[in-house]
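There are 2 protein chains.
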Amino acid sequence: MKQNLKKELENIAKEALQASRALAVLSTGAKNAVLKDMAAALLNKRVVILKANKKDIAGSGGKGRAFIDRLTLNHARIKQMADSLLDIVKLKDPVGRVLRAWKLSNGLRINKVSSPIGVVAIIYESRPNVTSDCIGLCFKSGNSVILRGGSESLNSNIAIYNVLNAVMLKHGLPCGAINLIEVSDRKAVDILLKFNNYIDVVIPRGGEELINKVVSSSRIPVIKHYKGICHVYVDEWADLNMAEKICFNAKLQRPGVCNAMESMLVHRDAADRFLPGMLKKFKDAGVQIRGCPTTVRIAKWAKAATEKDYRTEYLDLILSVKVVQDLDAAIAHINDYGSHHSDSIVTEDRENAKRFLRRVDSACVYVNASTRFTDGNQFGMGAEIGISTDKLHARGPMGLQELTTYKYMIFGSGQIRE
Amino acid sequence: MKQNLKKELENIAKEALQASRALAVLSTGAKNAVLKDMAAALLNKRVVILKANKKDIAGSGGKGRAFIDRLTLNHARIKQMADSLLDIVKLKDPVGRVLRAWKLSNGLRINKVSSPIGVVAIIYESRPNVTSDCIGLCFKSGNSVILRGGSESLNSNIAIYNVLNAVMLKHGLPCGAINLIEVSDRKAVDILLKFNNYIDVVIPRGGEELINKVVSSSRIPVIKHYKGICHVYVDEWADLNMAEKICFNAKLQRPGVCNAMESMLVHRDAADRFLPGMLKKFKDAGVQIRGCPTTVRIAKWAKAATEKDYRTEYLDLILSVKVVQDLDAAIAHINDYGSHHSDSIVTEDRENAKRFLRRVDSACVYVNASTRFTDGNQFGMGAEIGISTDKLHARGPMGLQELTTYKYMIFGSGQIRE
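As given, the protein sequences belong to chains A and B, one line each in that order.
Each residue of the first sequence is one higher than the last, beginning at 1 in this note's numbering.
Each residue of the second sequence is one higher than the last, beginning at 1 in this note's numbering.
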C-alpha cells in the first residue's frame, strides 16, 4: 500500500517536472488566455463546486464557527476566486525579464534573466480559495504546481481543481502542470518531501505543527509562511494620538490575520500618558490585555502576562503589553520574541525611527503606520502566495516575481579561457 | 560528552546570532579597516600558519599528490589569501542598497533595502584558503559566520582563524562574529544543522556524500554548492573550428574544477565532420574518451560509455561523448543528466541558440563560449563563496550580493488600514 502510494506520488512529481519544461516557455498571451478561461469556468461550474463544499461543511461538525466560516464557499466567494485569476492576467509576466545585462572586456555579454523555478509544492490548511489562487500564480510564473490542501476542504479542493485542470487540458497543456494530491493518507506529505529530484521548492502555509513537520522532514528547499507575532512600539517621542489610532487599527481591523498586532511595547516615559486611555479603548472593544507589572499597575483589570504570552500569536481579541526601558530594549524584545514578520515604531524622532528600521530584523519594518499593510495587494504587487517569514529567496509578501529564479545567459563569439 | 558538545555548539551559534546584530549596522569604512588589517596580519603571521600547515601535511600520509597539493600552503598562497581580502575591500558594500522604492496612493513610502542574512554556516572540504575567503566575504556582507572545515586541514584552519579573529577582537568586534568549529567529532555537523533558531543558512561545499548528508539532516535552509556536470553541445550549424577550440578549452584548461566540461554532445549531422579531428586532439592531450556507439565507431580506441558515465563528474582527464539526434535531444539530455551548472551550445544558428538558452535549465547557459567562464571573478562580481547549484536565493556564482537578503522599510505619517 505504502509502496503504491510512493509510486503514485512519484509519478505525479515526475510529470510535474516534465510539464514544467513546457510551461517555462509558454508565451504571456497563451498563459493569459488560459487564466481567463479558468475564471469563466469557475463561474460556470459553481454549482458543482458549491455541492462539493457542502459535503466538506457537513463533515466538519463540531468545529468552531470561525473554522466553518473559513471553509464555506458561496456565490460571492467563487466570484472572488474568479476575479483573482483575472487580476493575475493583468499582472506583468515575471518570466524573461532581463534583471541585469553587462559586457566583459573579452566581449562576452551576460544577461541575468528571470526564469521559472520549476516545480512548486504548496502545503496548506484553511480556505479553499487558496487552491485556485496558487494555481493561477504558479501557472502565470511558468511553474508546475503540486497542491496538498487540508483534509477538511478536500471535496472543495478536488472540485475546484477539476474545473481548472479541465481548462488546462482543453488548451492542450500537459496534464502534469497542475496537480492536487487527493489521497488523505498523512504519509503522502512525508513521501512528497523526499522528492528533491523533482520538486524545487515547498511552501508550507499554516500553523506551527505543519511548519515544523515540513522543516524537519523535507529534503526540498522550504520557504516558510509562518506566524506573525507583530509588534507596535510606542516611542517616548511618539505622537500619542497617532499611536492610539495605529495600535487600535493594527489590533482590531482584522484580528485573525498574520499581520495583526499581537504585542504592544511602550516606552516607560510614555506609559503613564499613553496606557490608561489606550487600554480603556481596547477594553471597550472587547480586547483582553495580558500585561507586564507596570501595565497591570496602570490597568488593574488586566491579566499578568507570562513569558509564553509574548511568544504567542493569538489571532484573537487578546493583546500582550510590555513597558520597556528604552528603544534598544524594544528592539531587543522584538528580535527575540517576534516572528520577524511586521513591526512598527510610532515616533516623531527621526534618529529613533532610523535605528528601529535598521536594527529590527523583520521582513517589514514600519514607521508611523499600522502593521496591517503587509500584504502583496496593499504593496501594489498584486495577488500573493502568502507572506514569507524566511529570509532566503523571498521575504515578506511573495507574489509572481518571487516565484521565479534567474539564469545567466552568456553570449560569446568563440571565447575561451586563457 | 555529546551533551557537552551540544551545549558548546549552541553557545557558539547563540553568540553568532548576537554578534550578527552588531555586524549588520557596521559602517563600510569600519569593515574595510578590519579587512585591511586582516590581510596584513595573514602576512605577518605567515610562519605560524605555515607551521600549522606542515602538521596537516604530515598527517595526510597516503593521500594522493593532488590532495596534498590542494592542502599545501606556501608564501605565495598566503599572499593570495591576503590579496583576496584586499579585493573584498574594493567591492561595494552590499548592505543598505535601495533595491526598489515606491509610494502608495495612501502616502506610504516603501523602500526595499538589502540587508545581511544574519548567521551563515559554511561546511567545506579542501583548501585552507576557503577559511579566509569565507570570513572576508561574510564579514563584508554583515553576516556572522560559522565555519566547519575538513579534518585534513584543521590545524591550518585554526591558525588562519586565530590570526583573523585576533584582528576582529582588536577592533572591538564581538567574539561571536567569526567562528570555527574546532572539534573533529563528526557529530558536530549534525548538531549544528538543527540550530535553525540561530543559523539562517548553511552552505555546503564539497562532494556528493557531504551534500547529501547536509540536505537530509538540516533544518536550516541550505544553498548547495554541488557538482558541475557541464556540457558543450556542438550543433549541426556550428563553426566546427570554433567548436574544437571551445571544447578543448572547456575540458583541458583546468580539468579539476566544477565548470570544466565533463560531457560533449554532438549533432549527428556534424559527427563525421567533427569527431575524428576532435577526438584525436583529446587523445593526444591524454584525455580518455567514453562514448556512445557512434563515437566508438568513429574512434575505435574509445571506451564505450555506460549510463553512469553520463552522470559522472570526473574532474579528471576523462570525457563522456554522445552523438544526439537533434537540438531537442541535446537539451533533454542536459536537463536530465546534467547538474544544472554550466552548459554551452556552439552554433551559428540564432534560433537554435535561443532555444537552447531558454530551455536548458542551468545556472549559466552559453552560446559559443567555454563553460570555464562560470566564476564570480570572471563575471566581474569579485570574490565568490562558490557556485550555487540551487535555484532558490542564489544561482550560479555566489558573491557578496548573494550573501544578503532584503527588508521592506515603510515610512508612514499615521496610515491605518480601512
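FYI, nobody ran anything at the bench for these hints, they're computed from the structure.
Among the hints, erroneous ones may be present.
In this list, chains with the same sequence are indistinguishable; a pair is considered to hold if it fits within one copy or across any two.
To be verified - Here are the computed lysine-lysine pairs in the DSSO-like style, where the Cα-Cα straight-line distance is at most 27 Å:
| no. | residue 1 | residue 2 |
| --- | --- | --- |
| 1 | LYS92 | LYS170 |
| 2 | LYS92 | LYS112 |
| 3 | LYS300 | LYS79 |
| 4 | LYS227 | LYS213 |
| 5 | LYS7 | LYS354 |
These numbers were taken from a predicted model, which means no experiment stands behind them.
Practice task
Please flag the earlier hints that this structure goes against, numbers listed from lowest up.
Solution key: The structure conflicts with hints 3 and 5, although it agrees with all the remaining ones.
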